[in-house]
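Student: Use the sequences and the hints to build the structure in full.
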Amino acid sequence: MSSEIAVSVRDVGKTYYIYDRPQEALLRQVFGYLAGQRLLPRSSRRWLAGRAERHGRRFDALREVSFDVHRGECVGIIGRNGSGKSTLLQIVAGILGPTTGQVVVGGRVAALLELGSGFNPEFSGRENLLLNGIILGARPEEMRARLPEIVAFSEIGEFLDQPVKTYSSGMMLRLAFAVQVSLAPDLLIVDEALSVGDIFFTQKCIRRIKELEARGTTILFVSHDMALVRDLCQRAVYLRGGRVAYFGAKDRAIALYLQSGAEAAAAHRPNAASVPVSGSPADRFRGQACWVADGRIGEGDARLVTVAVLDGDGQAALDATMGDPLTIRVLFQSLSGRPIHVALALKNRYDQVIFSGGSYTHRLPPAAFAAGEYGCFEMKLDCMIEAGQYTFLVALTLASDAHRGVRTDETPWLGPISVKWNYDAGPAPFYGLFGLPTAVRFRRPEEAMPEPP
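Residue numbers 1 to 453, in the working numbering, belong to the letters of the sequence shown in order.
Since no wrong hints were added, every one of them can be taken at face value.
Straight line, CA to CA, 30 Å or less: simulated DSSO-like cross-link-like pairs of lysine-lysine:
#1 Lys420 / Lys380
#2 Lys420 / Lys204
#3 Lys347 / Lys420
#4 Lys204 / Lys165
#5 Lys204 / Lys347
#6 Lys210 / Lys420
#7 Lys380 / Lys347
Note that these hints are calculated values from the structure, not bench results.
Tutor: Shown next as structure tokens:
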């Protein structure tokens, strides 16, 4: 492996077998063991191997995964649940062995995977810090010297000498992260752990990760927070179905990841049909779109073509600072000439609809285009909602009195849109779930008194 390469993954695969009954696993192991006995005739070994394959269903968590990570580089590992991200990181960390292929890692590895992994629940926080550091390769005297620094970073305080089994998930994160980053590892692996804990400690962890990156630590970072991946990483690996669907520029990887859910949902629509859309206005809107209905026409009165989210400068963006404007731009095509309305719904992470509105609620006349013509709808939103992640849906509805509210087409839930605020930098525009339109002023009491009757 080149001295410039910190992690080399070559043709890595990981296979599991799923069993309907416990005895299936035993039978597979027995037949597999006998099939490997060279004292038996070759024909018998082939028969035994075939019998082994009949017990259990094969599942490939990873297949032919290959990529290199340069020293001092932060690489994001993204993909939907079940794509193989955690399995890959466990193989890189040496916790799991690959079924096929090989992984070569240079230097000391610190892995922040499942919270509490490597901790003894009966030991105190202090005892676990010392033990975990020694497991990572530090000498006992080195850990004792670093203990005050680790304790100060973790902010565990009076709970340091209490058994770890009494800790909350946030306290467990503090303890695990503090010991992992204190030893200045050559490779730091973080798997979605920062989603646990309060925002202030999360910000503290992000600052420490950036410090390690600046010092030359190589980082593999898994997160579903695409704004964080964009902020921390130089490149990204996009896993899909256990394979590397893309490895390269982070913005391209994030775009493919966000598009994947929409593509999967659109592919199962009953109205989907394969038709070319080249040469249409869709081509001009495609570059900024976060959702494209490639190869679809509806059997209804209108169809959605593309949806884009734009920031205040008109650039494609799925993240904003609290209070910033975002514009939802929708390209649609009329199929029947009947007038339609466009609606938008927004959900928070708890699947609650926090906003629903559109052309009808704004008292706009419905859009009336001839069959085959394209139309564009834009809605500007000021992100006066609390910091967090939100998904959104766009729908086309009929505008006639007899069919008002009937949907003729809709997107899957898109996004997420990430709304951020640095609470350390100053007061937020508001506190709570929403920022209501308000007007404030100071007055003298006599100025505010009502006129006498």
